[in-house]
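Residue numbers (the working numbering), protein chains in the order written: chain A, 2 to 179; chain B, 63 to 653.
Treat the hints with care, as some may be off.
Have a look at the derived ranges for each label pair, beta carbon to beta carbon [what the hints assert, rightly or not]:
1) B/GLN520 / A/PRO29: 34 to 42 Å
2) B/GLN520 / A/LYS177: 36 to 44 Å
3) B/GLU473 / A/ARG58: 46 to 54 Å
4) A/ILE100 / B/GLN287: 18 to 26 Å
5) A/GLU96 / B/ALA419: 34 to 42 Å
It should be emphasised that the hints constitute simulated quantities derived from the structure, not laboratory data. Note that the Cβ used here is the ideal one computed from N, Cα and C, for glycine as well.
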Amino acid sequence: MLMKPIQPARDPDPVERHTLSIIVDNEPGVLARVIGLFSGRGYNIDTLTVSETEHERQVSRITIVTTGTPMVIDQIKHQLERLVPVHRVADLTVEGEAIERELALVKVAGRGEARVEALRLAQAFDASTVDATLESFIFELTGSTVEIDRFIGLMSEIGLVEVSRTGIAAISRGAKGM
Amino acid sequence: MQREMTGAEMVVQAMIDHGVDKLFGYPGGAVLPIYDEIFQQSEVQHILVRHEQGAGHAAEGYARSTGKPGVCLVTSGPGATNAVTPLTDALMDSIPMVCISGQVATHLIGNDAFQECDTVGITRPCTKHNWLVKRIEDLPRILHEAFYVATTGRPGPVVVDIPKDIQLARGVYTGPQNIVHKTYQPKVKGDLDHIRAAVDLMTTAKRPIFYTGGGVINSGPQASQLLRELVKLTGFPVTSTLMGLGAFPASHPNWLGMLGMHGTYEANLAMHGCDVMVCVGARFDDRITGRIDAFAPTAKIIHIDIDPSSVNKTVQCDIPIIGDVAHVLEDMIRLWKAAAVTPDKKAEKAWWDQIQAWRGKDCLAYKTRPDVIMPQQAIEALYNATHDKDVYITTEVGQHQMWAAQFFKFEDPNRWMTSGGLGTMGYGLPAAVGVQVAHPDSLVIDIAGDASVLMTIQEMSTAVQHDLPIKIFILNNQYMGMVRQWQQLLHGNRLSHSYNESLPDFVKMAEAYGCVGIQATRPDELDDAIAEMISVKKPVLFDCRVANLANCFPMIPSGRAHNEILLSADVDDVEAEALENAIDSTGAALV
Numbered sequence: 002m003l004m005k006p007i008q009p010a011r012d013p014d015p016v017e018r019h020t021l022s023i024i025v026d027n028e029p030g031v032l033a034r035v036i037g038l039f040s041g042r043g044y045n046i047d048t049l050t051v052s053e054t055e056h057e058r059q060v061s062r063i064t065i066v067t068t069g070t071p072m073v074i075d076q077i078k079h080q081l082e083r084l085v086p087v088h089r090v091a092d093l094t095v096e097g098e099a100i101e102r103e104l105a106l107v108k109v110a111g112r113g114e115a116r117v118e119a120l121r122l123a124q125a126f127d128a129s130t131v132d133a134t135l136e137s138f139i140f141e142l143t144g145s146t147v148e149i150d151r152f153i154g155l156m157s158e159i160g161l162v163e164v165s166r167t168g169i170a171a172i173s174r175g176a177k178g179m
Numbered sequence: 063m064q065r066e067m068t069g070a071e072m073v074v075q076a077m078i079d080h081g082v083d084k085l086f087g088y089p090g091g092a093v094l095p096i097y098d099e100i101f102q103q104s105e106v107q108h109i110l111v112r113h114e115q116g117a118g119h120a121a122e123g124y125a126r127s128t129g130k131p132g133v134c135l136v137t138s139g140p141g142a143t144n145a146v147t148p149l150t151d152a153l154m155d156s157i158p159m160v161c162i163s164g165q166v167a168t169h170l171i172g173n174d175a176f177q178e179c180d181t182v183g184i185t186r187p188c189t190k191h192n193w194l195v196k197r198i199e200d201l202p203r204i205l206h207e208a209f210y211v212a213t214t215g216r217p218g219p220v221v222v223d224i225p226k227d228i229q230l231a232r233g234v235y236t237g238p239q240n241i242v243h244k245t246y247q248p249k250v251k252g253d254l255d256h257i258r259a260a261v262d263l264m265t266t267a268k269r270p271i272f273y274t275g276g277g278v279i280n281s282g283p284q285a286s287q288l289l290r291e292l293v294k295l296t297g298f299p300v301t302s303t304l305m306g307l308g309a310f311p312a313s314h315p316n317w318l319g320m321l322g323m324h325g326t327y328e329a330n331l332a333m334h335g336c337d338v339m340v341c342v343g344a345r346f347d348d349r350i351t352g353r354i355d356a357f358a359p360t361a362k363i364i365h366i367d368i369d370p371s372s373v374n375k376t377v378q379c380d381i382p383i384i385g386d387v388a389h390v391l392e393d394m395i396r397l398w399k400a401a402a403v404t405p406d407k408k409a410e411k412a413w414w415d416q417i418q419a420w421r422g423k424d425c426l427a428y429k430t431r432p433d434v435i436m437p438q439q440a441i442e443a444l445y446n447a448t449h450d451k452d453v454y455i456t457t458e459v460g461q462h463q464m465w466a467a468q469f470f471k472f473e474d475p476n477r478w479m480t481s482g483g484l485g486t487m488g489y490g491l492p493a494a495v496g497v498q499v500a501h502p503d504s505l506v507i508d509i510a511g512d513a514s515v516l517m518t519i520q521e522m523s524t525a526v527q528h529d530l531p532i533k534i535f536i537l538n539n540q541y542m543g544m545v546r547q548w549q550q551l552l553h554g555n556r557l558s559h560s561y562n563e564s565l566p567d568f569v570k571m572a573e574a575y576g577c578v579g580i581q582a583t584r585p586d587e588l589d590d591a592i593a594e595m596i597s598v599k600k601p602v603l604f605d606c607r608v609a610n611l612a613n614c615f616p617m618i619p620s621g622r623a624h625n626e627i628l629l630s631a632d633v634d635d636v637e638a639e640a641l642e643n644a645i646d647s648t649g650a651a652l653v
């Protein structure tokens, strides 16, 4: 009775994408600690943004988009919370639909019809033109990752030269803060 | 207390203020100001080691045997890099350790200066936290934080990297009153609702087990007492990880022995068959669980741990309790008493009958031979000669370590120092130095292997210099025994580089260091030789020649379940072929 046969391996849980906001003390090496944790333990970083948010309190906010099974995501949160300079870790994905935005600078080159088409598309996406020469534009676009992906996809048909993206900045909806 | 002093004075003062009176270190250019301070005072005793790795392991031994933080002091560059192994070791085994490292002067940092290395960068992944001190104003706070972080919550190693100009700079030192860290605030009390749910589950258990670990030891001697009390109340059987040995007395009838890869048959089978598992301060290491999807298939799991990241890391638990073991056990005992449980005598008897049947396998049995000392026999002889003494045991890593864990029976916590998580060969000798420093009148024995001991043998010189009569009991089989055992299991008995040719003559080596060398080669001379070792009031290297090809059983091969445990009766030690098929290719990759 006690020697039950071994159960077959469970199907691996599906991989989920989560956006984590991490409030840290703005001390030297804190970013290295966070990303070292990810690389050391084999977790994924899809995007990463970091900046000081409250200068007086010397606090920075790190936003990381990561993927993993629910068990791994939980591990990531606990491991982050364990770091000494971490104030708080919020999983914006489970706390309700958060606002997620990225900024992209998109350089496009072309002449004639391509150039007109680029401008027309930029207008349709509400991108602003931050630089222009006779044969190029640089567009600035803020939006969701999907929107920016779509914009870049279209531009690559026309004459995409290069892209610089910030990665996701995210914040939860409503009155409550972290 | 507030006083103006140099950074170097602050380091020494902080040690005194945190109750540290011993530290282990090795001087060098970037720590000379601190060494100058040490020279001019008498409250802190410095133990000069022979290699910074030795300083770190000695600090670990000191910490593990006293419950106090171990402190080591190393210079910049190679001093710091040599400390990386003990830091990692302390991180894996949750040992409170404060490592002070010297650094080149602040204006030289980043210039590839002489003996410069990025100490905080290198030690970031192998410490609980670390600091590079750039301003003298920050030094007192950082020193106090370092002791606080190292010793609270889940203990661990920290590094404070202090540039030489900061050591020489003057500033105001403030004592360590009311340290409150703005972000680091570990939780010690467990959630009462979870504890209540756990007790409810325990009262309904038919086949319960306590699976205890190093967390019980780290929680302090009180936790071990509370564990004994809870076992007395519940009547549950108890097994422990390697790191937890001593938290529960091995002489107790509820003791099943160690579990895991080289654990006892009864402990592993009871883990496999239990319906309620109470994990107390252990972390479901792969050496414990074996094949994870076949781990305790019928068990509801309660997991007590101070570190939330240990919970649900490898094994999903049903009731997590985040808190300090002693605090949680105290609540559990109170709630269990209040529940006024009427024991299910029938279920209890069935479970213990089953355990008795497993015990009947006598899984640690081995055959003695008239002409050769068996390694198990050597440990048993050592145990018989020392268990009624005030004895502390350290080990290196390998077969001898597992035999020590199986055959040396511990009754109390803090008596057993071993490198569990990292598996550091060379740990035991310097750890014994640290233990002997903390307990000068006790008997301190490093149960060693011939390969491991050579990794840090230079610390014999430390033992001699500081009159530390440590006993290094070497189970000498001329092999890296555990490596060889794995090669027999996994690699077709091709013993690639696991044979130690040209071993030194350990007796002469002892004499060269100014210690005493003793050799035993035959079973009939073992007891007398051990008695001689104990009676000598100097460091001893004991060369115990044991059967060369003995292997360590029971064994759960990697990638197998607890109930697939191999017993020595199943496998003839000398006939390696029987071992070869014991592990499949998936297991081979797991090692």
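Whether the CB-CB distance between B/GLN520 and A/PRO29 falls inside 34 to 42 Å: Between B/GLN520 and A/PRO29, where Cβ atoms are some 36 Å apart, the hint holds.
Range agreement (Cβ of B/ALA419 with Cβ of A/GLU96, hint 34 to 42 Å): violated, 52 Å
Assessment of proposed distance window 46 to 54 Å (beta carbons of B/GLU473, A/ARG58): Since B/GLU473 and A/ARG58 have Cβ atoms about 51 Å apart, the given range 46 to 54 Å holds.
Cβ separation of A/ILE100 and B/GLN287, checked against the hinted range 18 to 26 Å: violated, 53 Å
C-beta pair B/GLN520, A/LYS177: status relative to the range 36 to 44 Å that was hinted: Check failed, 60 Å falls outside 36 to 44 Å.
Hint compliance for this structure: hints 2, 4, 5 are not met, and every other hint is.
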